[in-house]
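J.: Please build the complete structure, drawing on both the sequences and the hints.
Read off the chains here:
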Amino acid sequence: MKTRKLLAVFGLCVFTLGLFAGGALAADKVLKIGVVFPLTGPVATAGQRCVAAVETAAEVINNAHPEFNVPLAAQEGILGGTKIQLVVADHQGKPDVGKSEAERLFNQEGVWAMIGCYNSAVTKPASAVAERMKRIFLSGCSSSAALTERGYQYFFRCAPTDKTESHEFVEYIQWLNQNQNAGIKTVGLIYENTEFGKHAADEGKAAAKETGFEVVADVAFNPGATNLNSEVQTLKAKNPDAVFGACLGGDYTLWVRTMKQMNWLPKVALNYCTGYQDPKIAQQLGPDGDFFMGGTGYSPEIGAKYMPDVAAVEKIYTAKVGVPFDSDSIQEAVALLVLAQAIEKAGSLDVEKVAKILRTETFDSPLSLGGKVAFGPGGQNMKATSIITQLHGGKYMPVFPPSYAEQAATVPMTPWGKR
Amino acid sequence: MDIFAQVIIDGLLTGMLYALVAAGLSLIWGVMDVIHFAHGEFLMVAMYLSFWLGFLAGVDPVVSWIASGVFLFIIGALTYRLVISHCIGKSAMPPLLATFGLSLFLKNLCMNRFSPNFRLLQDTLLGGKTVMIGSVVIGLPQLVTGVFSLIMLLALYYLIKKTRLGWAIQATAMDREAAELMGIHTDRIYLLVFGMGGACVGIAGGLMTSYLAVHPEVGSLFGLIAFLIVALGGFGSIPGALVAALIIGLVEALAGFYIAPVFKYVAVFMLYLVVVMVRPKGLFGW
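Protein chains in written order, with the working numbering: chain Y, 1 to 419; chain E, 1 to 286.
None of these hints come from the bench; they were simulated from the model.
Model, not experiment: these values are computed from the prediction.
A couple of the hints might just be wrong.
Below, simulated BS3-like cross-link-like pairs (lysine-lysine); rule was C-alpha separation at most 27 angstroms, straight line [as the list claims (entries may be wrong)]: (1) Y:K315 <-> Y:K32; (2) Y:K134 <-> Y:K29; (3) E:K129 <-> Y:K418; (4) Y:K185 <-> Y:K209; (5) E:K129 <-> Y:K280; (6) Y:K83 <-> Y:K372; (7) Y:K356 <-> Y:K372; (8) Y:K345 <-> Y:K134; (9) Y:K395 <-> E:K129; (10) Y:K83 <-> Y:K356; (11) Y:K29 <-> Y:K83; (12) Y:K345 <-> Y:K356; (13) Y:K238 <-> E:K129; (14) Y:K395 <-> Y:K315; (15) E:K129 <-> Y:K267.
T.: Structure (structure tokens):
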């Protein structure tokens with residue numbers, strides 16, 4: 001009996017040692033990347049999709065996929081076989097949690113770089129942690145222009161900013177006035193009262209004023225509100241010709257449905273990266289969601305025409321979350337693919353060397369609408385492109401710029417009673 | 001003038017919905033002195049039930065509110081039997097912490113099972129329909145929910161004030177020991193009260209899926225506003241809950257339109273602070 005016990009203890013020791021040894025051996029060939037997104041809280045859907053997108057990119061990099069026309073897909077891992085290991089954390093949409101998660105990931109988990117955080121308000125403090133520690137931080141889709149106006153050396157963002165989108169919006173309504181006789185003179189804004197919403201609205205107002213449009217309504221609301229009656233009532237009373245919207249997730253559906261209830265629509269409704277871009281929400285809104293517009297970096301319709309290499313990669317993503325990539329999530333996959341290319345080009349894990357390559361070189365990016373990624377001063381992707389789409393029967397149809405347009409936009413939007 | 005009428009009607013309809021959500025909480029708080037932190041999450045569960053019944057079985061919310069009400073009655077009764085009955089009567093903290101834990105459990109369970117996706121029922125009987133009174137537009141789902149709320153509150157008030165069961169509930173609320181000496185089975189009264197609280201919020205949640213998206217966070221703000229209404233109206237007072245809910249609905253709508261939409265909840269919470277300072281037991285408090 002005693003011998004059996006001794007043998008059991010010995011066996012356990014060997015097993016435990018084996019585990020540690022295995023871990024140590026594996027650690028030689030693993031590069032940890034921190035991935036911080038809102039996995040719970042009001043925008044958890046978007047956060048979970050962003051994580052799935054980064055995981056998809058990691059699968060493309062870690063396994064040989066010669067059939068994919070994506071950089072690094074043909075080989076296994078980077079730097080001769082090092083695999084990307086993702087360490088996922090949840091910031092719940094809270095800046096303080098994002099900051100402490102960034103510190104934990106760098107200090108305790110020992111991640112080499114970070115990708116995140118979807119909410120601009122969280123990306124701001126989390127990337128400040130990385131900058132202080134001289135570590136690389138990539139953001140796929142956080143859109144606040146202020147993030148890349150801080151002069152950071154280790155921060156890089158793939159998506160277009162709210163500033164870019166705001167200019168595109170006013171350019172588009174000018175074009176509509178000239179080419180479709182839209183008669184748009186006034187602009188209203190509705191946005192959530194957060195870093196993202198306020199910043200998008202500031203950019204929207206500035207762009208509208210620069211181009212001579214009168215801003216007649218400026219409606220901020222608390223995200224997660226029980227109703228948006230006063231908000232829509234305010235818009236209705238001011239009756240702007242065009243509305244720029246920055247409403248995420250459930251707030252977007254509530255906004256659309258409240259407008260329907262109040263039987264009011266502007267001539268055009270243009271949305272920043274918001275609930276508009278969520279294909280699931282578009283599907284659930286059904287005909288009510290039609291004729292709304294927004295800046296879009298990717299949709300299956302756009303992908304089929306301009307980004308043919310996405311489809312194969314998208315299968316991995318869709319198997320995880322049940323929906324195709326959207327404009328936000330695909331940027332997070334781009335972030336990891338670009339980071340991996342930079343490491344491969346540097347030939348080492350020297351942070352300074354990799355950061356320099358990120359700052360100076362241009363990367364192939366079949367998952368980006370522009371096809372390339374090149375970071376400018378402050379870390380903004382200078383090749384970031386987005387086009388304006390309009391929902392028709394649940395499909396995102398490109399309507400601007402004319403070189404991408406597949407059909408003329410329905411302007412003014414079809415009234416609720418005639419759908 | 002038309003806009004003013006529209007704002008007032010919006011406020012009243014919002015208030016009526018709030019009243020139904022808060023009525024159950026008021027009852028639980030007033031009778032048992034239990035701060036039911038999972039009340040908002042009960043609303044979320046009811047909305048999910050109504051959504052899935054609509055999505056999978058095609059049952060419209062105008063019918064599925066019955067199922068939501070019954071289901072949440074059972075959930076409420078089970079919550080009392082399995083959780084609250086073990087910690088009630090010692091101090092206020094254990095039931096508070098227990099229901100707080102329950103709220104986290106329910107939220108994360110739904111997040112895990114149903115994902116954080118926003119789910120919206122399409123083509124419901126009431127969805128998107130409106131009634132016009134002059135130039136004032138009233139959403140039919142909101143109107144039906146408001147009318148239902150009034151009927152339910154009247155029924156609840158009648159039950160509490162005019163029936164033997166209601167008298168037993170009132171007696172238990174006033175003095176549990178004395179009520180027991182009079183032959184009232186107070187444990188069963190508590191069970192019933194918790195069940196009724198659940199049923200109220202279940203009915204509200206069942207009806208709300210006609211026009212609101214369902215997601216794991218949907219109950220949080222409703223839960224918070226329900227607490228406010230109960231404190232403003234007076235603990236345990238059904239008329240108090242109705243009046244407070246209507247006041248809050250109106251303040252929210254008026255402040256939202258005439259000051260700024262972002263200010264509407266600020267105005268609501270400020271009103272509460274004023275009432276707490278002037279009349280701490282609430283408008284109709286015992």
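J.: None of the hints should be skipped; say for each whether it holds.
T.: We went through each hint and held it up to the structure:
A threshold of 27 angstroms between alpha carbons decides the hint, and for K315 of chain Y with K32 of chain Y the separation of about 25 angstroms falls inside it, so the pair holds. Proposed proximity of K134 of chain Y and K29 of chain Y is supported: the alpha carbons are some 23 angstroms apart, at most 27 angstroms. Distance hint between K129 of chain E and K418 of chain Y is fulfilled; the C-alpha atoms sit about 14 angstroms from each other, no more than 27 angstroms. With a C-alpha separation of about 11 angstroms, the suggested pair K185 of chain Y and K209 of chain Y falls inside the 27 angstroms cut-off, and the hint holds.
For the proposed pair K129 of chain E and K280 of chain Y, the alpha carbon gap of about 23 angstroms is at most 27 angstroms, so the pair holds. For the proposed pair K83 of chain Y and K372 of chain Y, the alpha carbon gap of about 24 angstroms is at most 27 angstroms, so the pair holds. Under the criterion of a C-alpha separation no larger than 27 angstroms, the hint pairing K356 of chain Y with K372 of chain Y is consistent with the structure, at around 17 angstroms. For the hint linking K345 of chain Y to K134 of chain Y, the alpha-carbon distance of about 20 angstroms falls within 27 angstroms, and the restraint holds.
With a C-alpha separation of about 25 angstroms, the suggested pairing of K395 of chain Y with K129 of chain E holds against the 27 angstroms cut-off. For the hint pairing K83 of chain Y with K356 of chain Y, the CA-to-CA distance comes to about 22 angstroms; that is within 27 angstroms, so the pair holds. With a C-alpha separation of about 6 angstroms, the suggested pairing of K29 of chain Y with K83 of chain Y holds against the 27 angstroms cut-off. With a C-alpha separation of about 11 angstroms, the suggested pairing of K345 of chain Y with K356 of chain Y holds against the 27 angstroms cut-off.
About 24 angstroms separates the Cα atoms of K238 of chain Y and K129 of chain E, which keeps this hinted pair within 27 angstroms; it holds. A C-alpha spacing of about 19 angstroms is found between K395 of chain Y and K315 of chain Y, which places the hinted pair at or below 27 angstroms, so the restraint holds. For the given pair, K129 of chain E sits about 22 angstroms from K267 of chain Y by alpha-carbon distance, which is consistent with the 27 angstroms threshold.
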